[in-house]
Structure formats: structure tokens, C-alpha cells
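Student: For reference, the chains in residue letters:
Protein chains: 2
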Amino acid sequence: MKRIGNQTLELEKECYIIGRGSICGEKEKNGTYKNYMKKSVSDDKMGQKTFEKGERQMLSLINETAIKNAGLKRKDIDLYLGGDLMNQLVSSNYVAEAMQVPFVGIYSACSTITASIGIAGCLFDAGGFKNILCSTISHFSAAERQYRYPLEFGNQRQCYSQWTVTAGGGFVLSQKKSSVKVSKICFGRVQDFGVVDIANMGAAMAPAACDTLCNFFADTKTKPNDYDFIATGDLGKLGSDILRDLIEERGFVLGQNYIDIGHSIYSFEEESYQGGSGAGCSASVLATYIMDKLESKEFKKVLVVATGALMSTTSNQQGDSIPSVAHLIELVAE
Amino acid sequence: MKRIGNQTLELEKECYIIGRGSICGEKEKNGTYKNYMKKSVSDDKMGQKTFEKGERQMLSLINETAIKNAGLKRKDIDLYLGGDLMNQLVSSNYVAEAMQVPFVGIYSACSTITASIGIAGCLFDAGGFKNILCSTISHFSAAERQYRYPLEFGNQRQCYSQWTVTAGGGFVLSQKKSSVKVSKICFGRVQDFGVVDIANMGAAMAPAACDTLCNFFADTKTKPNDYDFIATGDLGKLGSDILRDLIEERGFVLGQNYIDIGHSIYSFEEESYQGGSGAGCSASVLATYIMDKLESKEFKKVLVVATGALMSTTSNQQGDSIPSVAHLIELVAE
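So the sequence lines, in the order shown, correspond to chains L and P. Per our numbering, the very first residue in the first sequence carries number 121; after that it's consecutive. Per our numbering, the very first residue in the second sequence carries number 121; after that it's consecutive.
Identical copies look the same in the list; a pair holds intra-copy or inter-copy alike.
Restricting the straight-line Cα-Cα distance to at most 16 angstroms, the calculated cross-link-like pairs of lysine to aspartate or glutamate (EDC-like) are:
1) K122 to D198
2) K173 to D440
3) K301 to E415
4) K169 to D440
5) K173 to D163
6) K420 to D346
7) K341 to E130
8) K147 to D163
9) K301 to E132
It should be emphasised that the hints constitute simulated quantities derived from the structure, not laboratory data.
All chains should be built: construct the whole structure from the sequences, respecting the hints.
Tutor: Have a look at this one:
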């Protein structure tokens with residue numbers, strides 16, 4: 121692996137995405153990416169007693185789909201990296217228990233998928249790994265009652281709030297060649313511009329996306345137009361507007377090739393205010409729309425910059441502002 | 121990096137521990153390792169308003185100490201890997217924000233330090249990294265109110281319970297030579313033998329320690345006696361007794377060279393029932409006692425197998441059993 125500039129890592133050995141799986145709820149299925157999100161569920165408890173247990177079932181299905189899509193069996197997976205939004209990453213822990221492959225939990229809130237793929241990319245450069253599974257998920261109802269209010273409370277939503285997606289995505293990375301390669305990685309630095317409103321995550325996360333993107337552009341001596349497609353994780357409409365402003369101050373312009381996944385995931389009619397959020401937001405769209413476009417070579421060079429708001433309810437109740445991070449991966453169609 | 125057997129990784133490039141830092145509370149300072157734990161605090165709020173904010177201050181000090189001990193500055197750190205027991209790893213997130221170095225959060229409960237050092241070890245084999253900081257912490261009062269009851273409630277403790285240590289440890293890993301090398305890594309598989317009692321973590325974690333140790337011994341064709349010192353993380357007295365039984369069924373005997381850090385960290389007079397637990401338990405003893413013994417070459421080959429109980433309060437309240445994991449690192453004195 122080669123370090124470029126301060127923060128960017130260029131992979132020297134092969135790291136390909138050879139399998140992928142995704143699953144989403146009804147709201148996501150009816151959104152912008154409906155033609156790409158093929159696997160959806162109508163019962164978000166998946167026949168279980170609680171949302172949390174339903175989330176696990178969904179994550180388990182995602183992992184199975186990704187492994188099957190790669191033409192592999194569970195025993196072919198050398199390592200499983202990932203996490204979710206639940207406290208102590210319980211959804212992933214229970215799924216890892218059932219899988220019986222070595223597992224390391226990554227917590228990076230909604231940027232979990234790029235953090236995990238980033239680490240996995242580095243591990244291939246280290247050698248000793250054939251196939252690594254990376255996955256994450258989020259669940260609206262489970263997240264809502266953990267981070268904010270139980271649904272039964274029927275709280276009003278702020279106009280600047282986002283909607284945690286019920287969806288997830290999983291990827292099998294391998295040294296075996298496929299048509300989509302992980303080529304560069306940029307792990308982010310935690311940023312905190314003082315936003316304390318737990319509903320306003322887009323504003324909290326925009327500085328992190330800006331920092332990682334600007335450092336990556338500086339390191340690689342590139343600019344936004346050098347990429348076919350740039351996607352931030354889940355800043356939402358407001359957050360991505362803030363990012364456009366912040367990054368302009370740093371001398372870069374995000375043009376037509378830029379979208380925010382959170383902003384775009386729901387259709388306007390779905391009334392999701394600023395859009396979607398959650399660890400599964402960027403993971404599910406990466407596992408469907410973005411991968412489809414890379415495999416068809418419509419996109420040849422893509423940056424995915426998932427962003428994560430790293431607060432807890434305790435830190436929020438103690439008046440702390442929301443620290444955020446953004447991890448970037450560069451994907452190339454071959 | 122070379123894979124040995126199914127689960128073990130042997131580092132081929134250099135990965136040395138060049139700096140370390142530790143801090144503990146008064147109870148830990150008065151325990152078994154009092155001659156090794158040199159830095160302690162009497163105010164576990166560190167002059168802050170809450171235990172959680174105090175924990176952050178302690179972690180910040182640990183990281184600074186480790187970096188200074190390595191003869192480095194903050195800007196020399198390429199990556200910070202770590203986590204803590206707080207929901208969403210907030211202690212580490214806030215410290216990472218203040219440090220402004222790339223940060224990836226690892227959640228593996230009380231096995232966080234070996235998971236982080238394990239990943240860091242692999243990253244050195246990948247290349248592109250000069251210095252990586254790994255650290256973790258736990259705080260009795262902050263953990264107690266998050267996982268069990270607020271202290272003011274004054275609940276009775278079960279005879280099989282453990283005491284979350286107020287302590288932490290940080291390590292700077294580097295390609296630069298020092299006297300202690302990370303030589304092998306074995307990431308664990310999540311185990312769950314059906315223990316549902318949140319106070320009985322030793323029993324829940326023992327199968328994970330057994331699985332990782334047995335797989336490592338099988339992979340490397342070694343046995344417990346081939347090591348000067350084997351330390352499990354924080355199984356406590358009961359958990360480590362269970363481990364001895366379980367591992368005997370698999371054909372290995374843990375002898376005089378084996379200790380459990382949780383079991384040994386407090387003195388008998390401190391009335392901590394089965395002993396200590398918490399992410400800082402193995403991290404602080406590794407950063408003090410074990411590193412001292414490795415540097416003085418009293419120990420030449422050491423296995424540290426930190427164990428983590430991966431439940432959440434939600435999963436516990438929903439009747440789920442406690443999944444656990446154990447990650448192993450082999451350290452060698454040079």
C-alpha cells in the first residue's frame with residue numbers, strides 16, 4: 121500500500137468487490153432507487169417479536185445474499201468486518217455468532233460501510249486474506265426508539281430532520297478479479313463544528329465530508345470533475361447544501377456528478393424532510409444503484425464518502441455537540 | 121502477512137510497540153498491580169461535571185502519554201484505532217476530534233485493545249503506515265449506569281458479578297524497532313453458549329476465549345507451555361475457572377503461566393467478587409505489568425487474549441443471551 125499525501129492510501133494489491141447483497145423496507149423500495157433495490161420486505165419485523173430481532177434477520181439475509189452472489193460459501197469468508205447503529209452493534213454481533221467466522225466490529229455510525237471496506241482493502245494489501253465480508257444495516261423503528269422517541273409517542277419531526285432508512289448492504293471483497301475494484305481509501309478525521317441538535321445531523325456531518333473530500337483531492341491532486349460520480353453518505357438536502365458551500369470556500373465545486381445518497385434515496389412524495397440517514401443508507405445504494413452503474417461501466421471512477429454522526433443520547437443529554445466523521449473509498453470499473 | 125492454519129495471521133513486516141500510556145482510578149491503583157500502574161487519579165470525574173466527561177479526559181491523557189512515551193508528536197500518528205464501552209464509542213470519538221488524526225472506531229467491548237492492535241498489526245504489513253495509535257478505556261461509574269443501574273440506586277451485586285475497572289491503556293505501534301514486537305494475531309469468532317444473566321459475563325465470555333485459544337494452538341501447532349505468559353482479558357475468577365475446564369475438554373492444560381487479568385487486577389481485600397472487567401482492564405495491565413515484563417525480558421513470548429461480552433441492554437431486556445468474542449495477539453521480546 122502506498123501513502124499519497126497526508127491521508128490517502130493507494131492499494132497496490134488487488135481488492136475487488138465480487139459479491140453484494142442488499143435488502144430494504146417498503147418506504148425505500150418506493151423511493152428513487154426502486155428499479156435498483158430488488159430485494160425488499162414488507163414486514164419490517166421479519167416475523168420476529170421486535171424490530172431489533174427483525175433487523176438481525178435482515179442483516180443475516182444480506183450477508184447470505186452477498187456470499188451467494190460471490191459464488192462462495194460461508195466457510196470461504198476469512199473475516200467479517202462491520203457494524204450497525206444499535207448500541208454495542210448487537211445486530212452484527214448476533215449475525216456474526218450464527219456465521220462462525222472471525223469478526224471485528226467497526227463502529228462509525230452511518231459511515232460504517234466505507235470504514236469497513238477501507239480496512240478490508242488495507243488487509244488485502246497485507247496479504248493472508250482471500251475473501252472478506254463487509255456489511256451494515258439500519259432500521260428506522262429500532263433506531264428511532266434508541267436515539268429519539270419510541271414510535272408510539274408520536275413525536276413531531278423537525279423540518280430539518282432525516283429518516284433512518286430500513287435497509288442494509290453487504291459486500292464480499294476478494295483478491296479474485298471482478299469488474300469493480302477498490303483503488304483508494306481515505307480514512308477521515310473527526311470534525312465537530314458545534315451542532316448540538318440531534319435532529320440536525322446533516323449540518324453536523326457536512327464539515328466531516330468536506331474535510332475528507334478536500335484532503336483526498338489535495339493528496340491525489342484531483343478535483344471533483346475527475347470522477348464520474350461522487351456520492352456522500354447521508355447529509356440530506358440541508359447537509360449537502362452546507363457541504364457545497366463549505367467545499368466552495370476551500371476552492372472546489374461539486375457539480376452535476378455529485379449526489380448525496382440521503383438526499384436522493386426517498387422520492388419527494390414520501391415526505392422524509394431532508395431525506396434518509398442511517399448506516400444502511402449509503403450501504404444499500406452502493407450495493408444496488410452504484411454497483412450496477414459500475415458493473416455496466418456507465419460509471420468508471422466513483423468516490424463514495426459515507427458520513428457518520430458519532431454522538432450518543434447520553435452525550436447529547438449532557439449538552440455535547442455532535443462529532444462526525446467521513447471515510448472515503450474510490451471505486452474503479454475495470 | 122502469512123496465514124497459518126485457519127485463523128492465525130503471522131506478521132511478516134515489523135510491528136513494534138514503541139510507546140505506551142496508562143491511567144487508572146484509586147481502586148485499581150490499590151490492586152495487585154500497584155507497583156506497575158504508576159499513573160492514577162483520585163477524582164474519577166477529572167474535575168468535570170459527569171463521569172462520561174471525566175472518562176474522556178482520562179483517555180485523552182492516556183493517548184498523550186503513549187505518544188510522548190514513543191518520542192512522537194500527535195502529527196506523527198497516521199491513524200488512531202480504538203473504542204470504549206460507552207454507547208457509540210463517544211469517549212473515543214470526542215478524543216479523536218480533539219486529536220485531528222484519521223480515526224476508525226472499533227467496538228469489541230472488553231476485547232477492544234487486542235482487536236485494535238490486531239488490525240493495526242495487519243496495516244503495517246500492508247504498508248503506508250508509520251505510526252498507529254491504539255487505545256481504549258472503561259469507567260466504573262459511567263459503565264454501571266449505562267449497562268446496569270445508576271450508582272445512586274445502590275443495587276446489590278451478585279456474587280458472580282465483576283467490577284468494571286476505571287482505567288485504560290494506549291499503545292503507539294510502529295515499524296521502528298523497539299524491544300516488544302507484535303508477531304501473530306488471531307481474530308476470534310463470536311460464541312454464545314446461552315448465558316442470559318448480564319451480571320455473569322465471565323461465564324458468557326469463557327467459550328470465546330476457549331475457541332480463540334484452541335484455534336490458535338491448533339493453527340500454530342503450539343501448546344500453552346510454549347509461552348512464558350498467557351493472559352485472558354477479564355473472565356474473572358469464575359470465568360477463568362470455566363475456561364480451564366472447557367479448554368481441558370479440548371486437550372489443553374492452562375498451567376502456572378496463565379492468569380486472567382480480570383481475576384487478578386484487584387486484591388482480595390477490595391471485595392470485587394469475581395474481579396475486574398471492562399475494556400480498560402486488559403488494556404491497562406498490558407500497558408503496565410505485561411509490557412514491563414516484556415521490556416525487561418522476564419517474559420519473552422506472551423499471548424494476550426482479551427475477551428468481550430457483546431450484549432446490549434436492549435438485547436438483554438428482550439431475553440437474548442450474551443454473544444462474546446476473544447481476539448488474540450502474540451507479543452515477543454526482542
